[in-house]
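J.: Please put together the full structure from these sequences, using the hints given.
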Amino acid sequence: MSRRILKINELLKRQLGQLFLKEVEFPKDALVTITRVETSSDLRVAIVSVSVMPSSASKIVQRILKSCIYNLQQQINKRLRMRPTPKIIFQKEKEVGEAAKIEELIEKIKIGKD
Numbered sequence: 001m002s003r004r005i006l007k008i009n010e011l012l013k014r015q016l017g018q019l020f021l022k023e024v025e026f027p028k029d030a031l032v033t034i035t036r037v038e039t040s041s042d043l044r045v046a047i048v049s050v051s052v053m054p055s056s057a058s059k060i061v062q063r064i065l066k067s068c069i070y071n072l073q074q075q076i077n078k079r080l081r082m083r084p085t086p087k088i089i090f091q092k093e094k095e096v097g098e099a100a101k102i103e104e105l106i107e108k109i110k111i112g113k114d
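Numbering (the working numbering), first residue to last: 1 to 114.
The hints are simulated quantities; they were obtained by calculation from the structure and are not laboratory data. A couple of the hints might just be wrong.
[What the hints assert, rightly or not] In silico DSSO-like links for lysine-lysine, alpha-carbon gap of 30 Å or less:
#1 LYS110 <-> LYS66
#2 LYS66 <-> LYS28
#3 LYS78 <-> LYS92
#4 LYS7 <-> LYS94
#5 LYS7 <-> LYS108
#6 LYS108 <-> LYS13
#7 LYS94 <-> LYS59
#8 LYS87 <-> LYS59
#9 LYS13 <-> LYS28
#10 LYS22 <-> LYS7
#11 LYS92 <-> LYS59
#12 LYS7 <-> LYS66
#13 LYS22 <-> LYS94
#14 LYS78 <-> LYS59
#15 LYS92 <-> LYS22
#16 LYS22 <-> LYS78
#17 LYS92 <-> LYS108
#18 LYS101 <-> LYS13
[Unchecked claim] Label pairs and their in silico Cβ distance ranges:
#19 LYS7 <-> GLN91: 41 to 47 Å
#20 ARG36 <-> GLU107: 21 to 27 Å
#21 ILE109 <-> GLU23: 21 to 27 Å
#22 SER40 <-> LYS108: 38 to 44 Å
#23 GLU103 <-> ARG14: 25 to 31 Å
#24 LYS110 <-> GLN62: 29 to 35 Å
#25 LYS87 <-> GLY17: 15 to 21 Å
#26 ILE111 <-> ILE47: 35 to 41 Å
#27 ARG44 <-> LYS66: 15 to 21 Å
#28 ASN77 <-> GLU38: 16 to 22 Å
#29 ILE102 <-> ASN77: 34 to 40 Å
#30 LEU11 <-> ILE69: 16 to 22 Å
No experiment lies behind these values; they were computed from the predicted model shown. In this text, a Cβ means the ideal position worked out from N, Cα and C, and glycines have one as well.
T.: Next up, the structure:
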């Protein structure tokens, strides 16, 4: 991956994080984290992986993000001085859920040994 794409990924991650704090109303009990951004080599698409804790709030958060994607995209277009500005696509982070399951199993093993 080129150095420019890595910088764009970090810039998008930072800008979207700020927008999440200011513009988006998530449920009070949900912790929403942008885990990574993967921009295509032609800079047309950016896939944003979002982690939600607890996982039970994941569907609600996905709906919220889907409903405000237009506003978020407009804000990113204004903030970034680049062309083309990548189209943002949100996806649920899969690896975090798997990691949570592994940690849960490890905790069960620890409890069983005590």
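J.: Taking 30 Å as the top limit, are the C-alpha atoms of LYS108 and LYS13 close enough?
T.: The hint is violated at about 35 Å.
J.: Given the proposed pairing of LYS101 with LYS13, does the C-alpha separation stay at or below 30 Å?
T.: 26 Å, holds
J.: Hint check: LYS13 vs LYS28, CA-CA at most 30 Å. Holds or violated?
T.: This hinted pair holds, its Cα atoms lying about 22 Å apart.
J.: Straight-line Cα separation of LYS7 and LYS66 no greater than 30 Å?
T.: 25 Å, holds
J.: Mind checking the alpha carbons of LYS87 and LYS59 for me, to see if they're no more than 30 Å apart?
T.: The given pair, whose Cα atoms are some 22 Å apart, holds under the 30 Å limit.
J.: Do ARG36 and GLU107 keep their Cβ atoms within the hinted range of 21 to 27 Å?
T.: 26 Å, holds
J.: Could you check the hint for me, namely that SER40 and LYS108 are 38 to 44 Å apart, CB to CB?
T.: 41 Å, holds
J.: Would the pair LYS78 and LYS92 pass a check requiring their Cα atoms to be no farther apart than 30 Å?
T.: 25 Å, holds
J.: Within 30 Å, alpha carbon to alpha carbon, are LYS110 and LYS66?
T.: Status violated; Cα separation ~40 Å.
J.: Given the hint that LYS22 pairs with LYS94, does the C-alpha gap stay at or below 30 Å?
T.: 26 Å, holds
J.: Evaluate the given range 29 to 35 Å for the C-beta pair formed by LYS110 and GLN62.
T.: Given about 33 Å between the Cβ atoms, the range holds.
J.: Return holds or violated for the Cβ distance of ILE111 and ILE47 against the range 35 to 41 Å.
T.: 38 Å, holds
The structure is inconsistent with the numbered hints 1, 5, 6, 19, 21, although it conforms to all the rest.
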